[in-house]
Amino acid sequence: MQVYRLPNGKTVKKPFNRFWIVLPLFVALCVGMAFVIPINWSNIRFAELLVILRKMFTPQNNRTWGDYFAFMLTLGDEIADTLQMSFAGTLIGCFLAVPVAIISASNVVKLKWLSVPVKFFLNLMRTIPTLMWTALAVALVGFGILPGIAAIALFSFGIMGKMLYEAIETVDMNPFEALESVGANKVGAFRYAIFSQIFPIFISYTIYIFEINIRASAMLGYVGAGGLGTVIKNNVMYAYDRVGATVIVMFVMILVIQLLSNFVRRKLQ
Amino acid sequence: MNERVQTTFAKRPRTWIANLILTLCIVGLVVYSFTGSQINYNSLAQAGIKFNTMINEIVDINWGYFFGYGDGASFNDGIVFKMLETIAMTLFGTLIGAVLALPFGFLASENVVGKKWCKVGETILVLIRVFPELILAFILVKGLGMTPLTVIFTIGIHSIGMLGKLFAESIDNMDRSSLEALDSVGANAWQKVRYGIIPNIMPELTSVTLYRFDINLRSATIFGLVGAGGIGLPLSLALTNTADPAWEMAGTVLLAIVIMVLVVDFLSGYLRKKLV
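Chains L and D, in that order, are what the protein sequence lines are.
In terms of our numbering, the first sequence opens at residue 1 and continues consecutively.
In terms of our numbering, the second sequence opens at residue 1 and continues consecutively.
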């Protein structure tokens, strides 16, 4: 360790840089992990990727560009299915999350034995992604948009519950105390002091979750729920250009929803 | 005084009518959304029976399968190995993403490239962010085949979107006073980068990357369901037979996913708290 002596007689030690401990550890971790997934470079077919991309984004099987774009226009039903799934799932999940979030917010309901397990339960819910919920729901209730709605509702429930209780916990509690001090009961004080602070946040979060769900729901059809993913699943064996056209439609749909949601959320703030 | 309060109270805006109409519209839309779902009581009753079997079988964790022992199975067949594989793929994917995101971050930062070019960078980043990662995984699987590299590339490419944006923000929000201080003591360009910029933005970049690692681990669990590797693959195999899904296998995989995500979540949260 270097020690410097300043002109005024003080000594200054050069602080030890922890980077030199972290770096070897990290490199060791990477090397160890590289043994877990042996990559066989000769198996990787970058040329194949270009072939697939050309198959997807140019017309195949004697079809013309006209057919390619005409196919996009026939996807209206599937787009509607995707939107319906995300809409219903998001709203159901988000509304069911409200009571749970209130229970687990430590500043409203001061019951630790209740809020801690509920918070842990919400954490558990969030570890399982929408697509996995869908795979489980499809195995349970069969194909269709119902498992999609259920999966999206479950995911929305988990994420909204967490975001909402965090929002409630950081709320300004002074109005609540003021209302209680003038004789309002707990419910009334909650309605006029906390609810009015939370409601715009709730709406904004709902739109945000809807946006996430739209992105996820596009591929839900691939594991058996309805929507645009179904088209990909049905065409993946023999008509790559239709898969490509569907991917483009999906991308445009998601982009439009994203722009709309950004616009609405900016208006709300 | 009291009268004035009462007249004002009587004149309060009647928003409840508009609220009621809006609520009814939304409820109507939700109900309408179920129209395509073909619910009938027969299938719901069947789902009820299946649900019963599921609950009974899903808690019956197959520990031999979990750790990969017994019945001539080796460690490499077990779920724990699949977990390690998923973590390894996420690690390398995030690493690639972080390295690739650096130039994009500079391109999208107003301080570095100016107002005009940063709009270009931002647009590229938005397009990467919006493109669903599952579709990216699906396309790459078709091209590169079912290798770990597919998942690594998917995660790497998709991470650029968010990491680039957050990198650009941390570069833009950097505290510039330390640069001025270095200027005043006569530091050269390299010394300014080394002692002014890197210590300033490094903790934030690391923290953002760790956070992204978290997100990527969650999404790495589902790439298996579209045919790429990772821990989702055994799950999708267990559920292939929809008439009689192998619930105990699914339960084993789900337990592994929950443990893995919770532990990594906790670790990365702890490290991030240390960093900032």
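What the hints contain is simulated information worked out from the structure, not anything from laboratory work.
The beta carbon of each residue, even a glycine, is placed where N, CA and C say it ideally should be.
Please note that a few of the clues may not be correct.
To be verified - Over the 10 Å line for every Cβ pair with chain L, so calculated as not near, a few chain D residues:
(1) Thr7
(2) Ile17
(3) Tyr32
(4) Lys50
(5) Asn56
(6) Phe131
(7) Ala187
(8) Val258
(9) Asp265
Unchecked claim - Listed below are several chain D residues computed to face chain L (Cβ distance under 8 Å; list not exhaustive):
(10) Ala18
(11) Asn19
(12) Phe34
(13) Ala45
(14) Glu85
(15) Leu134
(16) Arg218
(17) Ser219
Hints and how they fare:
1. Thr7: Thr7 (chain D) is indeed farther than 10 Å from all Cβ atoms of chain L, at 21 Å.
2. Ile17: holds, 18 Å
3. Tyr32: violated, 8 Å
4. Lys50: It is violated; Lys50 (chain D) is separated from chain L by about 5 Å at its closest Cβ, not greater than 10 Å.
5. Asn56: Label holds. Min Cβ-Cβ 13 Å, cutoff 10 Å.
6. Phe131: violated, 6 Å
7. Ala187: holds, 17 Å
8. Val258: Its Cβ does come within 10 Å of chain L, the nearest being 5 Å, so this is violated.
9. Asp265: The assertion about Asp265 (chain D) is violated, with a minimum of 8 Å to chain L.
10. Ala18: violated, 14 Å
11. Asn19: violated, 11 Å
12. Phe34: At 6 Å from the nearest chain L Cβ, Phe34 (chain D) passes the 8 Å test, so the hint holds.
13. Ala45: For Ala45 (chain D), the interface hint is violated, since the closest Cβ of chain L sits about 11 Å away, which is over 8 Å.
14. Glu85: Check passed: Cβ of Glu85 (chain D) comes within 6 Å of chain L, closer than 8 Å.
15. Leu134: holds, 4 Å
16. Arg218: This hint holds: Arg218 (chain D) lies near chain L, its Cβ roughly 6 Å from the closest one there, short of 8 Å.
17. Ser219: Check passed: Cβ of Ser219 (chain D) comes within 7 Å of chain L, closer than 8 Å.
Hint violations for this structure: numbers 3, 4, 6, 8, 9, 10, 11 and 13, all remaining hints satisfied.
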